Amino acid sequence: MGQVKPESLEDLSEEVVRFPGGGLALVRSDLLFAWAQKSSLWPLTFGLACCAIEMMATFAGRFDLDRFGVILRPTPRQADVMIIAGTVTIKMAPRIRTLYDQMAHPKWVISMGACANSGDHYRHVYSVVPGVDHVIPVDVYVAGCPPTPEALMEGIFALQRKIMEGASARG
Amino acid sequence: MPAAEVVAALAARVGAVPFTLGVDVSAPDLLVTLRALRDVHGYRYYVCASATDRSAEFELLHGVRNLDTNDDIWVRVHLPRDAPEVDSAAHTYAGAEWQEREIFDLFGLIFRAHPDPRRLMLPDQYVGHPLRKDFPIDTPWGYRPATVGAPVAEPEA
Amino acid sequence: MTSDVEIVERDFGELALNMGPQHPSTHGVLRLVLYLRGETVLRAVPGIGYLHRGVEKLCETLAYDQLAPVFERNDYLGPTSNSLAFVLTVERHGSFHVPRRGAWLRGLVAELQRVASHLVWLGTLGLDLGGALGGGTTLYMYCFREREKILDLLEELTGTRFHTNFNLIGGARYDLTSAIGAHARGLADGFDAMLDELLSMSAKSGVFRGRTEGVGVISRDLALGAGVTGPVLRGSGVAFDIRRARPYDAYAELEFDIPVRTAGDALARFEVRMAEIGQSARLIRQIVDGLPPGPICSRKPLKNPKATKLAAGEAYAAVESPRGELGVLLVADGTSQPWRLKINAPSFANLQVVPLIAPGMLLADVIATLGSLDPVMGDVDR
Numbered sequence: 003m004g005q006v007k008p009e010s011l012e013d014l015s016e017e018v019v020r021f022p023g024g025g026l027a028l029v030r031s032d033l034l035f036a037w038a039q040k041s042s043l044w045p046l047t048f049g050l051a052c053c054a055i056e057m058m059a060t061f062a063g064r065f066d067l068d069r070f071g072v073i074l075r076p077t078p079r080q081a082d083v084m085i086i087a088g089t090v091t092i093k094m095a096p097r098i099r100t101l102y103d104q105m106a107h108p109k110w111v112i113s114m115g116a117c118a119n120s121g122d123h124y125r126h127v128y129s130v131v132p133g134v135d136h137v138i139p140v141d142v143y144v145a146g147c148p149p150t151p152e153a154l155m156e157g158i159f160a161l162q163r164k165i166m167e168g169a170s171a172r173g
Numbered sequence: 007m008p009a010a011e012v013v014a015a016l017a018a019r020v021g022a023v024p025f026t027l028g029v030d031v032s033a034p035d036l037l038v039t040l041r042a043l044r045d046v047h048g049y050r051y052y053v054c055a056s057a058t059d060r061s062a063e064f065e066l067l068h069g070v071r072n073l074d075t076n077d078d079i080w081v082r083v084h085l086p087r088d089a090p091e092v093d094s095a096a097h098t099y100a101g102a103e104w105q106e107r108e109i110f111d112l113f114g115l116i117f118r119a120h121p122d123p124r125r126l127m128l129p130d131q132y133v134g135h136p137l138r139k140d141f142p143i144d145t146p147w148g149y150r151p152a153t154v155g156a157p158v159a160e161p162e163a
Numbered sequence: 008m009t010s011d012v013e014i015v016e017r018d019f020g021e022l023a024l025n026m027g028p029q030h031p032s033t034h035g036v037l038r039l040v041l042y043l044r045g046e047t048v049l050r051a052v053p054g055i056g057y058l059h060r061g062v063e064k065l066c067e068t069l070a071y072d073q074l075a076p077v078f079e080r081n082d083y084l085g086p087t088s089n090s091l092a093f094v095l096t097v098e099r100h101g102s103f104h105v106p107r108r109g110a111w112l113r114g115l116v117a118e119l120q121r122v123a124s125h126l127v128w129l130g131t132l133g134l135d136l137g138g139a140l141g142g143g144t145t146l147y148m149y150c151f152r153e154r155e156k157i158l159d160l161l162e163e164l165t166g167t168r169f170h171t172n173f174n175l176i177g178g179a180r181y182d183l184t185s186a187i188g189a190h191a192r193g194l195a196d197g198f199d200a201m202l203d204e205l206l207s208m209s210a211k212s213g214v215f216r217g218r219t220e221g222v223g224v225i226s227r228d229l230a231l232g233a234g235v236t237g238p239v240l241r242g243s244g245v246a247f248d249i250r251r252a253r254p255y256d257a258y259a260e261l262e263f264d265i266p267v268r269t270a271g272d273a274l275a276r277f278e279v280r281m282a283e284i285g286q287s288a289r290l291i292r293q294i295v296d297g298l299p300p301g302p303i304c305s306r307k308p309l310k311n312p313k314a315t316k317l318a319a320g321e322a323y324a325a326v327e328s329p330r331g332e333l334g335v336l337l338v339a340d341g342t343s344q345p346w347r348l349k350i351n352a353p354s355f356a357n358l359q360v361v362p363l364i365a366p367g368m369l370l371a372d373v374i375a376t377l378g379s380l381d382p383v384m385g386d387v388d389r
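Line order of the protein sequences matches chains B, S and E.
Note that the numbering used here has the first sequence beginning at 3, numbered continuously upward.
Note that the numbering used here has the second sequence beginning at 7, numbered continuously upward.
Note that the numbering used here has the third sequence beginning at 8, numbered continuously upward.
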């Protein structure tokens with residue numbers, strides 16, 4: 003499925019039967035669900051540090067993630083994606099795990115920025131977890147300190163491609 | 007630079023010895039000094055507290071400011087390493103409460119009669135006081151590289 | 008006589024409500040445990056440290072010249088102020104010379120970031136007040152639109168959007184070309200119109216005033232004893248600004264006013280910050296127009312960061328960050344690394360008045376108060 007990158011229902015379906023005034027598409031259900039999931043990724047409002055400010059900027063007017071169906075949800079029960087934006091400390095890590103466990107399946111995690119990826123220059127510090135992947139599984143890593151909004155958007159697109167390729171969450 | 011006459015007054019009252027940023031006083035005189043600064047000399051604004059690990063002893067500094075004369079004075083006490091106990095300044099300056107909690111957390115200094123003597127920055131179960139010099143910066147605690155996705159429990163005390 | 012209808016007041020007792028560390032209104036990873044009776048707060052117990060990154064310990068392991076970028080990550084809304092406080096302390100203790108042009112440029116970036124920081128504060132305050140302002144996101148969207156313009160300028164000048172890494176021990180890292188200067192000047196000229204627009208969405212709304220007027224009052228005495236700082240202190244009637252009281256860099260040569268309000272409530276702090284944006288615009292215009300010629304840094308690029316050694320001793324220097332007095336207490340021991348660095352964080356001082364003023368407040372007012380204090384958790388926890 004690696005090459006399939008459907009953009010519309012017509013791209014998605016393997017067979018489209020056209021009737022006058024309507025259409026019928028025959029689609030594999032997993033592909034259809036993946037297509038629906040990637041088109042409405044709802045991240046959890048969850049900022050930790052500097053990267054959260056860039057995340058806010060990405061959701062604001064200029065970059066406008068709403069147009070990709072990415073809409074912030076303040077509760078983990080409604081969220082599909084967790085964007086870990088900032089340094090994960092030992093005090094915060096159990097909370098992150100709880101929030102992750104509270105999210106409904108299917109769910110994905112984007113690790114945003116050097117701190118969440120690896121701990122950055124804090125990785126040796128006594129109170130810092132060297133990378134959020136010690137706590138929860140991560141699907142996409144976005145590099146930068148902090149990543150620009152464009153980089154975060156590319157991370158979200160990468161996750162969408164990953165969902166379409168069927169290699170979705172481990173949960 | 008602290009005002010010379012304030013330093014002289016403190017020297018006469020509690021035997022304070024001046025240093026670069028303020029005065030050294032003995033630990034039992036700390037509260038007397040701070041109250042004198044607040045009530046007599048007009049140092050009503052609390053700047054912050056800091057501690058330093060000098061291996062043999064700890065230094066504790068309280069910074070206070072007189073906003074009218076724009077002077078800072080740092081009151082420093084020296085505490086022995088084996089029994090680092092001192093009176094809490096939280097009842098004199100409200101701003102000292104969290105500063106002292108942070109110093110207790112990171113240095114392990116004990117503040118007598120502190121209103122809320124708990125850790126501030128680190129989890130309550132944390133063992134050790136990381137800003138002490140004998141505490142290695144990369145002391146792992148609770149989170150060793152584990153299998154991805156393993157649940158993370160609160161470590162025991 | 009008893010009336011026909013007996014009013015039964017049911018007492019449900021005390022409710023402990025946990026807010027955060029994941030909550031959209033806590034400005035990061037602040038945790039507040041609120042003990043409520045009905046909707047009235049009896050006690051508020053903040054829990055901090057969820058972003059404690061051990062910066063002070065980390066600083067003890069790095070050389071002086073490696074530290075400025077580490078400092079920028081503390082208060083991530085005004086990064087330049089952090090590194091500025093650090094380089095000022097080192098410069099004062101080590102007697103490093105700062106060329107005049109470098110000092111003025113540092114002021115330019117600091118003032119630009121002050122405006123950007125206040126815009127984030129206003130946008131998130133709008134989100135906090137939420138539905139009262141017609142969804143709240145209006146203010147947020149407009150503030151971030153304006154902030155992007157400032158970040159564009161910073162990107163043009165320094166290559167990054169907000170962790171500019173602009174300050175060096177002994178000067179500034181990047182020089183201002185005439186084209187960037189004109190860009191900055193044009194931007195600052197637009198700030199007054201921007202302020203009018205933002206005020207029309209906030210202060211001119213009766214709902215906004217109702218949510219902030221008389222809310223979260225910090226008296227002058229409490230402000231002094233608790234050591235609150237910056238716009239919070241000036242909102243409580245104390246005209247203290249480090250830029251005026253202990254001028255650093257270019258501020259002794261520049262003209263600006265210190266906005267002060269005496270009410271001590273959330274509205275007063277709002278008004279102080281809004282007025283500060285206007286003063287920052289004034290400062291930026293003065294800096295761009297009167298920028299002195301010459302070098303921007305007194306030191307050559309370093310090959311070995313460990314070569315800079317400071318004599319043993321203590322030093323304290325502070326700057327006026329967007330949130331208030333940001334000071335660095337340096338204890339040097341004669342080597343290339345600090346023996347101890349204490350960061351006096353303004354958000355820390357401002358946040359600790361919350362448990363002191365919260366009892367008796369309504370739950371919704373706690374959110375408005377918190378928004379008006381503008382804490383940045385990276386600054387609180389360090």
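One or more hints might be untrue.
Said to hold, decoys possible - Below are the DSSO-like pairs computed for lysine-lysine, each with C-alpha atoms no more than 30 angstroms apart in a straight line:
1. E:K211 <-> E:K156
2. E:K316 <-> S:K139
3. S:K139 <-> E:K156
These aren't lab readings, by the way, just hints derived from the structure by calculation.
Quantities reported herein were computed from a predicted structural model and do not represent experimental measurements.
Item to complete: Provide an ascending list of the numbers of those earlier hints which the structure does not satisfy.
Response: Result: hint 3 breaks, nothing else.
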